[in-house]
Each structure stands twice: as C-alpha cells, then as structure tokens.
Amino acid sequence: MQFHHHGYVSGDPRVQPAAGVGLDRPDELPDEVDVLIVGSGPAGMIAAAQLSQFPEVTTRIVERREGRLPIGQADGIQARSVETFQAFGFAGRIAEEAYRITEMCFWHPDPTDPSRIVRGERPADDPGGISEFPHLIVNQARVLDYFAEYMVSSPSRMVPDYGYEFEGLVRSDDHVDVTLSRAGQQKVVRAKYVLGADGARSRVRAAIGCTMAGDSAFHAWGVMDVLAVTDFPDIRLKCAIQSGAGGSILLIPREGGHLFRMYVDLGEVDPDGHHEVRSTTIEQIVARANEILRPYTLDVRDVAWHSVYEVGHRLTDRFDDVPLEERADGRSTRHPRVFIAGDACHTHSAKAGQGMNVSMQDGFNLAWKLGYVLTGRSPESLLATYSAERQAVAQNLIDFDKEWSTLMATPPEELGDPGALADFYVRTTEFLFGFMTQYPPSMIVAEPVHQALATGFPVGKRFKSVPVVRVADANPLHLGHQHRADGRWRVYAFADEDASLLSTWAEWMADSPDSPLSQGVVELKVVYQQRHVDVDLAAVPEPFLPRTGPFQLVDYENVFATHPDDDIFELRGVDRGGCVVVVRPDQYVSAVLPLDATDALAAFFRQHLRVPERVAQA
8 MQFHHHGYVS GDPRVQPAAG VGLDRPDELP DEVDVLIVGS GPAGMIAAAQ
58 LSQFPEVTTR IVERREGRLP IGQADGIQAR SVETFQAFGF AGRIAEEAYR
108 ITEMCFWHPD PTDPSRIVRG ERPADDPGGI SEFPHLIVNQ ARVLDYFAEY
158 MVSSPSRMVP DYGYEFEGLV RSDDHVDVTL SRAGQQKVVR AKYVLGADGA
208 RSRVRAAIGC TMAGDSAFHA WGVMDVLAVT DFPDIRLKCA IQSGAGGSIL
258 LIPREGGHLF RMYVDLGEVD PDGHHEVRST TIEQIVARAN EILRPYTLDV
308 RDVAWHSVYE VGHRLTDRFD DVPLEERADG RSTRHPRVFI AGDACHTHSA
358 KAGQGMNVSM QDGFNLAWKL GYVLTGRSPE SLLATYSAER QAVAQNLIDF
408 DKEWSTLMAT PPEELGDPGA LADFYVRTTE FLFGFMTQYP PSMIVAEPVH
458 QALATGFPVG KRFKSVPVVR VADANPLHLG HQHRADGRWR VYAFADEDAS
508 LLSTWAEWMA DSPDSPLSQG VVELKVVYQQ RHVDVDLAAV PEPFLPRTGP
558 FQLVDYENVF ATHPDDDIFE LRGVDRGGCV VVVRPDQYVS AVLPLDATDA
608 LAAFFRQHLR VPERVAQA
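Going by this note's numbering, the sequence shown wraps up at 625, each residue one higher than the last.
Check the hints yourself; a few may be wrong.
Stated by the list, open to error - As a list, the in silico DSS-like pairs of lysine-lysine whose alpha-carbon atoms are at most 25 Å apart:
#, residue 1, residue 2
1, K409, K468
2, K532, K468
3, K532, K471
Hints are computed from structural coordinates only; laboratory data are not their basis. Computed from a predicted model, the values in this text were never measured in an experiment.
Model the full assembly from the supplied sequences, consistent with the hints where possible.
Below you can see the structure in the form of structure tokens.
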C-alpha cells in the first residue's frame, strides 16, 4: 500500500481522497447516470467496487432490500476469489475471520455393515499446490460488506441505494430509461449502460428478452446452517458423506469455530410433484441427516438458516441485449447497452461452491471495460468481449456441476469404485479453484504466437504469481499480489541477462508516441534475473521509477529481482533473452511478446486503447 505521496496521511490510508463524482455525491438517486447496476449481490458489488475507481463515471447500484444483506446463502470462497480480494485490498482481513479448508474427508458405507459409515480418503484440498491463496468459507454477507467498505473509501464515495425495485426498461440508441419504484413511487433513471445483477429470477434479463435454457435433475437437497452437538469426529472438516442407508451429505464447516452447513440428500422428486418437496421441514431435514450419519448422531441446538432446493442447470442464451441473430450473421451495427451477470445468467447446484465465485468474475470482467469506454479510453466494441468471454465460462461451469452433482447423488453401490468421488475432486481442483478459465484471442487477448517466451504465463489465463524480491527494500513478496483493482493494465518486462534489450525497450516506452504509457493507464514493472543485491537502482531505466504526486516523488515499488529460493524465470519458463507479459486490469494475461517487438506491443494496445478526447484536446 502506497501513501504519503500527496503529503502526510494521519488517518486510515485505505480511504482514498475523494475525486470526481465523489466530491459532491448526491444522497438521492439522480435522474441520469452513466452506469446503473441493479442488484447488490456479489456480481453487482464487485462491478460497483471496480467502477468506484473511475471517479469520472457516475455509477449507482440499486437494491430492493432496505439495507445490507444480514445473512447470505453462498459461503464457499475459492482461491481465485481470494486472489481477487487481494487486488481489492481485503484478502488478509477476510481470511482472518473465515474458515480455511486444508483437506477434505470422504466417508463411505462400512463394507461389513452398510448401514454405518466409515472414513475413507482424506486428500489435501490443494494436492498439487495450484495456488498460494487459501480456500475459505465465509458468509456472502461479509464479502458484500468488504466490497461496500472498499466502495465508500474510493474516490467515488459510492454506497448502494437501497429500497429500489426494478420495474422495466426502454433502450434507445444512446441510453436506457430504467423505471424503478420505491415506497410506491416510480422513478425513471436514464443510464448510458445497465447491469442486471438481480439474481436467478432477474427482471432485467426478462426485459431484454434473454431466455434461460437447461434441465432439472429431479433431485432435491435440504441445506441448513446449524449449531449442534454431535459425536461425528470430522464435524470441523469438509466432508462428502455417502451412506448405505441411501443418501449423501456434504458437510461444510463455517467460520467462527461452531457453525456448520449441511447439504442433505432428500432423494429424487416426482417431475409432476409441483415442487412439493420444498415444503420439507427443518425437522425432516435433521432426521434425514441422522439417518445418513449413522452410527453418529446430530443434536441440532439452533438453526441460523435453512432451505430446500431442486437441482437444476440453466444458462442464458446471451449476457447482453444484442440479439443472437444479429451476432450470427454479423449484421449488428449496435453495441450492447444492457448486461446481465451472476445468477441472472447461470444457475446450478450449490455444492461445488462455484456460484458466488463465478458471479464475481462476471462483474470484474465487465466493470473495467465499462470504465474504459465511458472515460473515452476504449471504443464501444470492447463491450462485446464481455458476453463472448463469460458465456463460455458459464457453460464450462454448468458442464462441471452436472458431473459433480450427479456423482454426489449417485448411491455408493452404483459408483463401483468407492473412491470415485474423491478421485474426481482431486482431478478437478484447478477448475474448482477458479484457475481453468482461458479467454480466446480477441481485441484484448493476443494470439499466443510468442507463448514459448513465457510458458508459465499462458495467454488468456490469469497471471499466476511467483515470489520475487523488491530491489529497493529487499522485501520478499509475490509479484502478482501487487496488482491492484485500480483499473490499470500491468506490463511486466522480464529483463535479458545484461539488460541491454530492456534499456532499448524502456527508452521506446518512455519516448515513443506509440507507447501505451502515453494513455496514463499502464503500470510498468521490471523483473531482473540477478539477485536484488546485484541490481543497481541507479542503472534502472526511468520508466520503472516513475514520479508520483504533487511533489514528484520517486516510486521505487516496481523494480524486482529473482527470489533466491524461487527463480521466476525457471518457475514460469521465462526466456533468458527477456520478454514482455501484458496483463489486463482483471488480472488475465493478454499478450506475451519479445522485448524487441515494440511495433507488436503498440499494435496490440492500439486495438482497444486510445487517448481520451479531453486529454487530446488539452
């Protein structure tokens, strides 16, 4: 965290100086905004949090509830999400209050007495060391609280507008008129863009004619967050329990040391039963849990929350308001103005802990793009990449969850191999943790023609961090953890052995009118092959030591050297001849290029980045 560059800061350095719309932000919802976000769930709140870093953009987020969410239904926080929280500055704090999953236990019917369960496999939660970030359990409401704190501390001073119900919208060529109601009174807000993050029954989705398609597994589960006394020995471990008595339980310990969640198998349901299973009482769910846990018992003392749901998998046909037929034949001449994200786009079972995590990446993906378009930095064509990128991710999620939920519901005797569930869990860890996403080539993802220069940073996948040493202060830290959700691109220059190519490249970045540095939204970082004691700061090119603030102080935090125990060049297959790795504001690798390919770097940025008109005129 950097501060004091504008003068001494005696208060909380996480509170950024107000700027732009944050200087005189009206309490009442204005009649005209740049972005209107409908729904303050995970997708909506992360989008608002990212847009809060664009104080030139008027963003408001409306929510039909009258206040903050007191308790949420989602709780699983995969490692990719914790990595994202790091960019928003609260990964450490939320990890302190969360439950951390380090291994998972699988229980099976006792071969000698199938009416009883016995412990089976006990694999590590991250057996392959996929991520340095933990797998956490913490209530969705707390995640939203942290994003709300980030928003109100941002230059925009953003807070949700509670009590507003979405009624409908009318789109024009250059704006969207949104009708909202509050306390019986209607209000029309004119927005340049709208994001519907209003859940599985999204009214925004319906208003733009998107349809959800999918199927139901006709299988029901009861879920409960409870405080209980039990003799089950693994009550504080994540467990998949399959019983010979019929049925399964997925046990998720919760934060705080006492609360836990149980997904309890209620069996198949009659397709013509008109959802009668949803009337199952909490007493019936507890009784069913005791049958599955035999010979152990569960004495529930308090129920924080419970529900019953039927497994279904549904995906919308598109994530914005441009009709499919216009995309298919390429005749569309308009850009999207209304978007949907999260549960408004994709619904599935809750047992793989993917819903909140994928939803947040939806919002993160879209928000910086809206910020760039609205500030004149990027053409509107950038917005089409949102639906193109995120719909494929959602389809992969649906396919995965079908297999996982089917395995969870399959009677043990039909699986053949008792370890089949554990084996699937271990094999799919990278997907579960949120690191399988790889965006295809587009205007913001280059063709991987130079991938051999940095094989460990696949183009289209998120930038996988590695330990390095910061030269100026000899601090060991993770390179990727320095990437903040401030809306900037990161360009990592990996130096050649004698840094001669690096010097030429840095000179071009500093002086060329084609350099992306001239746009003011690119942060440069350099990694040297030597140990930090062998790097002379005085010889480091000036672009890596930028001046900042009104006093033009030197920023020393962008110059790194290899870690003595973890050579980033070896770990990530970085060519010793040097290269450049370009990373998007949402942490995905956009390009890998040679150090001498400045024309290619300029051409790549030219596709989607331009000098804002106000800067050009100035």
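We went through each hint and held it up to the structure:
Restraint check: the Cα-Cα separation between K409 and K468 comes to about 24 Å, which is no more than 25 Å; the hinted pair holds. Between the alpha carbons of K532 and K468 the distance comes to roughly 19 Å, so the proposed pair stays at or under 25 Å and holds. With a C-alpha separation of about 15 Å, the suggested pairing of K532 with K471 holds against the 25 Å cut-off.
Of the hints listed earlier, there is not a single one the structure fails to meet.
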